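Engineer: So the sequence lines, in the order shown, correspond to chains X and V.
For the first sequence, the numbering used here assigns the number 1 to the initial residue and increments by one for each residue that follows.
For the second sequence, the numbering used here assigns the number 1 to the initial residue and increments by one for each residue that follows.
Hints are not guaranteed to be accurate.
What the hints assert, rightly or not - 20 Å max Cα-Cα, derived DMTMM-like pairs, lysine to aspartate or glutamate:
| hint | chain 1 | residue 1 | chain 2 | residue 2 |
| --- | --- | --- | --- | --- |
| 1 | V | 398 | X | 161 |
| 2 | X | 114 | V | 106 |
| 3 | V | 348 | X | 48 |
| 4 | V | 305 | X | 46 |
| 5 | V | 305 | X | 48 |
| 6 | X | 156 | X | 172 |
| 7 | X | 80 | V | 399 |
| 8 | X | 117 | V | 401 |
In short, the hints are calculated from the structure, not lab data.
As the structure is a computational prediction, the values presented were derived from the model and not from experiment.
What follows is the residue order along each chain.
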Amino acid sequence: MDKKQKRSLTRGIILVVLAAAIAYTVFATATKDKVKVLKVGATAPDFELVDLNGETHRLSDYKGQGVFLNFWGTWCEPCKKEMPAMDRQYTAFKNQGVQTLAINIAQSDFEVQKYIKNLGVSFPVVIDKTKSVMTAYNIYPLPTTILISPEGKVQKIITGEMTEGQIASYMESIKPE
Amino acid sequence: MMEKIICTCNHENPVGTNLCEKCGRPLTTEEQEKKIVDMRYDGIAIRSKTHNKSIIDKIWNFFSSVKIGITLIIITLIAASVGTILPQEFAVRVSSESEKAAYYTDVYGWFGTLYYNLGLADLYSSWWFQIIVGMLGISIIVASIDRGFPLHRSLKNQRVKRHISFMKRQRIIAEGQPSQDGDKTLDLLEQKMKDLKYNVRREDNAILAERGRFARYGPYINHVGLIVFLGAVMLRLLPGFYVDESMWLPEGETRAITGMDGYFLHNDQFILETYDNDPQGEQLKQGVNVVAKNFQSNVTLFKQKEGAVAGQTSDLETVKSYDIRVNHPLKHDGYAIYQMDYRLNQLKTMYFDLVNKETEKSLGRVSIDLTNPQDEYVIDDNTKVQLITYLSDFAGFKDGEPQSASPNPNNPAFVFKMFTPETPEGETSFVMIGQKALEPLGENEHMMKFAGVDTRSMSGLTVRKDKTIPILAIGGLIFMIGVVIGSYWNHRRIWVEQLEDGSIRLAAHTNKNWFSLKKDLDGLTEFAHIPQYTDQADLEKVEVEKEGDNIL
Chain X
1 MDKKQKRSLT RGIILVVLAA AIAYTVFATA TKDKVKVLKV GATAPDFELV DLNGETHRLS
61 DYKGQGVFLN FWGTWCEPCK KEMPAMDRQY TAFKNQGVQT LAINIAQSDF EVQKYIKNLG
121 VSFPVVIDKT KSVMTAYNIY PLPTTILISP EGKVQKIITG EMTEGQIASY MESIKPE
Chain V
1 MMEKIICTCN HENPVGTNLC EKCGRPLTTE EQEKKIVDMR YDGIAIRSKT HNKSIIDKIW
61 NFFSSVKIGI TLIIITLIAA SVGTILPQEF AVRVSSESEK AAYYTDVYGW FGTLYYNLGL
121 ADLYSSWWFQ IIVGMLGISI IVASIDRGFP LHRSLKNQRV KRHISFMKRQ RIIAEGQPSQ
181 DGDKTLDLLE QKMKDLKYNV RREDNAILAE RGRFARYGPY INHVGLIVFL GAVMLRLLPG
241 FYVDESMWLP EGETRAITGM DGYFLHNDQF ILETYDNDPQ GEQLKQGVNV VAKNFQSNVT
301 LFKQKEGAVA GQTSDLETVK SYDIRVNHPL KHDGYAIYQM DYRLNQLKTM YFDLVNKETE
361 KSLGRVSIDL TNPQDEYVID DNTKVQLITY LSDFAGFKDG EPQSASPNPN NPAFVFKMFT
421 PETPEGETSF VMIGQKALEP LGENEHMMKF AGVDTRSMSG LTVRKDKTIP ILAIGGLIFM
481 IGVVIGSYWN HRRIWVEQLE DGSIRLAAHT NKNWFSLKKD LDGLTEFAHI PQYTDQADLE
541 KVEVEKEGDN IL
């Protein structure tokens with residue numbers, strides 16, 4: 001390789017590296033708010049919360065099963081709308097290895113208990129009193145649903161209300177083989 | 001085959017060279033026509049000017065141009081100043097993206113809309129602004145490589161003896177017989193030059209004296225500093241380097257700290273102190289009633305046990321208690337938690353008296369902790385109040401059902417069932433703030449009479465971690481060192497040759513501060529009895545104040 005070719009190569013490499021740095025900066029800024037902590041494909045952060053019946057639920061205990069994780073609040077309208085549908089699908093899928101867990105964000109026991117009793121849903125409901133799980137999952141809008149595969153990976157993040165058909169197909173997608 | 005320019009001294013110079021690298025003869029007609037040579041880069045071939053063929057070379061040459069660099073700086077400055085016309089997004093107190101867009105339209109009209117859509121409202125995150133700054137970074141790097149390395153090589157390989165055409169084209173020249181001691185002139189010059197702290201090289205009958213060569217590296221050093229600085233800013237985008245989060249923490253609550261995994265913060269108390277002076281002077285003029293003296297959050301920091309997972313808060317370990325005040329953040333493990341904001345008078349507990357409407361006699365008082373309402377409040381064996389529904393932020397009815405707009409106790413509403421000895425069946429009442437209670441199931445004998453509230457405050461805290469600060473500081477330091485080197489030192493060179501007939505030919509150059517160079521020369525002239533020098537720039541009345549080396 002003569003001197004000229006070598007110089008062109010060096011220049012090319014320098015320019016490509018610098019261009020890549022700019023591209024990364026622009027990309028990282030553009031996606032900063034959306035995927036700060038939790039990314040699809042990442043390992044779902046383990047957590048442990050107690051449900052309304054006093055039973056402890058630990059995510060890692062459900063390894064081998066799909067987990068349908070729904071973050072909600074009593075004041076959130078779409079959360080309320082999708083709950084009965086979620087309950088029907090929970091009943092249909094719970095024996096097929098898909099676990100449903102509804103996580104309330106730091107509301108009082110009274111509010112959550114009354115609400116759940118009113119709706120008459122049967123899936124386990126836990127309260128994230130310290131917003132610890134919410135922080136770990138970087139939840140911002142409610143409702144947000146996280147689909148966790150039997151391998152414990154985040155398969156999909158859904159923000160906003162879901163129809164019953166969507167819920168069913170989501171649960172189907174995390175069913176163990 | 002690389003093209004070469006071969007000087008009459010037989011030295012091969014790269015294409016684009018203005019002054020022969022070896023003897024200093026001007027090689028281009030342009031240079032030959034000049035009375036004083038351009039010494040900015042010592043006449044070297046600037047790399048980008050040597051080839052201009054492939055696309056890589058073309059891009060390279062684009063960024064190497066000082067004109068392009070300056071244009072990019074000007075664009076950056078203009079964009080940054082336009083970005084200060086309207087407030088930036090982070091200063092606008094709305095939460096969602098659509099609200100932000102609406103804010104700019106509502107407040108500033110079409111200009112606000114345009115401003116927002118162009119990304120000027122969040123300038124540093126705009127892709128086009130980042131690309132411009134990035135291009136500026138490339139320009140700095142490329143231009144420095146292009147000039148710095150050849151300049152370094154040229155300065156390192158300087159010849160002592162230069163050709164007459166080089167010498168004569170320097171700004172300061174002297175020629176003629178020494179007035180006395182002609183045979184000792186070079187020795188005297190060397191001695192005096194050394195006294196003046198010059199590095200002196202002597203070859204045969206020629207001398208090159210040089211001082212402060214490192215000053216030429218100043219601009220390149222400050223460019224390195226700039227690049228380190230830019231790199232550090234970029235590092236903030238990588239996970240783990242930079243955290244800047246905010247959280248609300250009500251008094252008495254424990255919350256996971258946003259961005260600080262495994263840590264929890266409990267708000268023991270928020271304190272707002274004000275000066276209790278009578279308003280006077282400016283304070284009165286501006287209509288300010290009270291002036292804040294202190295904002296303080298007394299907090300306790302907890303950490304989860306090793307190996308604990310999110311949500312496990314039963315056995316937290318106390319790390320420390322701290323009083324966070326403005327400018328006195330709680331610091332731990334590279335993180336700092338700052339007092340940023342507060343909200344006073346958040347409802348915490350509400351008191352109601354169970355009252356007989358007719359006699360207005362109270363049967364007892366219940367206190368409802370809004371953070372933990374109970375199903376039942378027992379006053380005595382036959383008197384109790386059941387809480388049927390609690391709405392934290394009552395927002396009207398929908399399909400006959402009361403709705404809450406948020407989880408915050410902004411407008412609490414309750415459905416009570418009151419049991420008294422006279423009404424063992426219970427009476428239902430819907431109680432709201434500031435409105436008459438509803439009695440949906442018929443008129444009641446009793447009512448829940450509002451009897452007071454306890455409030456609490458909320459601390460607005462900001463969580464920060466910035467591992468890039470040391471790198472930023474190093475970048476800044478390198479930059480300043482470069483600036484200082486380039487500004488306070490200068491590169492002076494004096495070439496001297498004694499010809500066969502004993503006459504002296506002298507030429508001198510400095511990249512700045514000609515005055516000091518002339519002072520040095522005055523000393524030399526007197527000491528070695530050499531002829532008086534002339535400044536060709538003065539003679540030609542050419543206004544040459546080449547201080548340009550600061551730019552590159």
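Engineer: Take the C-alpha atoms of residue 305/V and residue 46/X, compute the straight-line distance between them, and say whether it is at most 20 Å.
Structural biologist: holds, 14 Å
Engineer: Are the Cα positions of residue 114/X and residue 106/V separated by 20 Å at most?
Structural biologist: violated, 41 Å
Engineer: For the pair supplied as a hint, residue 398/V and residue 161/X, confirm whether the alpha-carbon distance does not exceed 20 Å.
Structural biologist: This hinted pair holds, its Cα atoms lying about 19 Å apart.
Engineer: Checking one constraint from the list: CA of residue 156/X to CA of residue 172/X, max 20 Å. Satisfied?
Structural biologist: This hinted pair holds, its Cα atoms lying about 13 Å apart.
Engineer: Holds or violated: residue 348/V with residue 48/X, Cα cutoff 20 Å?
Structural biologist: Violated, because 28 Å separates the two Cα atoms, which is more than 20 Å.
Engineer: Hinted pair, alpha-carbon criterion (20 Å max): residue 117/X, residue 401/V. Please report holds or violated.
Structural biologist: holds, 15 Å
Engineer: Holds or violated: are the alpha carbons of residue 305/V and residue 48/X at most 20 Å from each other?
Structural biologist: With a Cα-Cα distance of about 14 Å, the restraint between residue 305/V and residue 48/X holds, given a limit of 20 Å.
Engineer: Checking one constraint from the list: CA of residue 80/X to CA of residue 399/V, max 20 Å. Satisfied?
Structural biologist: Given pair residue 80/X, residue 399/V holds - Cα atoms ~14 Å apart, limit 20 Å.
Checked against the numbered hints listed earlier, the structure breaks hints 2, 3; every other hint is satisfied.
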